[in-house]
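There are 2 protein chains.
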Amino acid sequence: MTNEELLGIAALNSWKLVIGRFEKHLDMITDEDLQRQVAPGRNRLFYLLGHLTAVHDRMFPLLGLGERLYPGLDTPYITNPDRAVTDPISAANLRKAWTEVNSKLTVAFERFTPQDWLQKHTAVSDEDFAKDPTRNRLAVVMSRTNHVSFHFGQAALAKQV
Amino acid sequence: MTNEELLGIAALNSWKLVIGRFEKHLDMITDEDLQRQVAPGRNRLFYLLGHLTAVHDRMFPLLGLGERLYPGLDTPYITNPDRAVTDPISAANLRKAWTEVNSKLTVAFERFTPQDWLQKHTAVSDEDFAKDPTRNRLAVVMSRTNHVSFHFGQAALAKQV
Numbered sequence: 001m002t003n004e005e006l007l008g009i010a011a012l013n014s015w016k017l018v019i020g021r022f023e024k025h026l027d028m029i030t031d032e033d034l035q036r037q038v039a040p041g042r043n044r045l046f047y048l049l050g051h052l053t054a055v056h057d058r059m060f061p062l063l064g065l066g067e068r069l070y071p072g073l074d075t076p077y078i079t080n081p082d083r084a085v086t087d088p089i090s091a092a093n094l095r096k097a098w099t100e101v102n103s104k105l106t107v108a109f110e111r112f113t114p115q116d117w118l119q120k121h122t123a124v125s126d127e128d129f130a131k132d133p134t135r136n137r138l139a140v141v142m143s144r145t146n147h148v149s150f151h152f153g154q155a156a157l158a159k160q161v
Numbered sequence: 001m002t003n004e005e006l007l008g009i010a011a012l013n014s015w016k017l018v019i020g021r022f023e024k025h026l027d028m029i030t031d032e033d034l035q036r037q038v039a040p041g042r043n044r045l046f047y048l049l050g051h052l053t054a055v056h057d058r059m060f061p062l063l064g065l066g067e068r069l070y071p072g073l074d075t076p077y078i079t080n081p082d083r084a085v086t087d088p089i090s091a092a093n094l095r096k097a098w099t100e101v102n103s104k105l106t107v108a109f110e111r112f113t114p115q116d117w118l119q120k121h122t123a124v125s126d127e128d129f130a131k132d133p134t135r136n137r138l139a140v141v142m143s144r145t146n147h148v149s150f151h152f153g154q155a156a157l158a159k160q161v
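Taken in order, these protein sequences are the chains called W and V. For what it's worth, this note's numbering labels the leading residue of the first sequence as 1, then goes sequentially. For what it's worth, this note's numbering labels the leading residue of the second sequence as 1, then goes sequentially.
Not one of these hints is a red herring.
Because identical chains cannot be distinguished in the list, a pair is counted as satisfied if it fits within a single copy or across any two copies.
Straight-line C-alpha distance at most 27 Å; calculated DSSO-like pairs for lysine-lysine:
hint: 1; residue 1: 104; residue 2: 120
hint: 2; residue 1: 24; residue 2: 96
hint: 3; residue 1: 16; residue 2: 131
For the record, the hints were derived by calculation from the structure and aren't laboratory data. Bear in mind that the values here come from a model prediction, so they are computed numbers and not experimental data.
Just need the whole structure built from these sequences, with the hints factored in.
Quick look at the structure:
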């Protein structure tokens, strides 16, 4: 493997590790438990799962990987706070959406060459990207990986209640 | 910048971003607030800060960057759960330790060439590293960055109480 390849693989492995751990955590949680709040008065696990699924689904257009799969999740799980909107999806279907979105993203990331990782994401203009080439896909995926970790830390609190 | 350099910089930027955000969060928290639990019966912010400082301090030997600065933090903040041991350090000194450890690590990371990032960490043998070159410094730093994010998510819950 070249240095470039190894550097790209580190990001891919980090993504897979975090997603895999969160998925194991979800497997231990019943659909009823998903209705629990991570702390009194805070977000339900269901909301966090919807939020992470919606944010990851947005990566398809953001990284130039195609159309979104679940645009209907933005209003209840990104635009609005928890419990402002009735859940438009069942627990079983939300779990399926989460798995589907991440599986498809992972397949795409696994095919990325180092050059693919370093391409600009679609939210930055050609001009701005020329000035700052660090605004690439790799930065987005590392940011999203840390975003999962952030909410995973919260979800872990609910589990041990 | 070469592709290799850009790939290394993505990891450095992710580390700096997460540490910087957590530091801003700490700046808004009083020493009294550090005694708050992130949720009823859970870790205090003080414990999380001690834990993250100790874990990061361990990166000096783990990444071959020299001796640890605060070995005394392991017993109260890694080996033992919260409140099992009396805090051996004041809030002011713990904040100083956190800043010092991360500043020194960041300076070292900023000097890393792509080849430096890809060197093995000291917890893996030469033999195992030959089989699996992904067990490098980059993997450690990405893992620690996500570890901060995990506990930052918890710390953020305490803040808004």
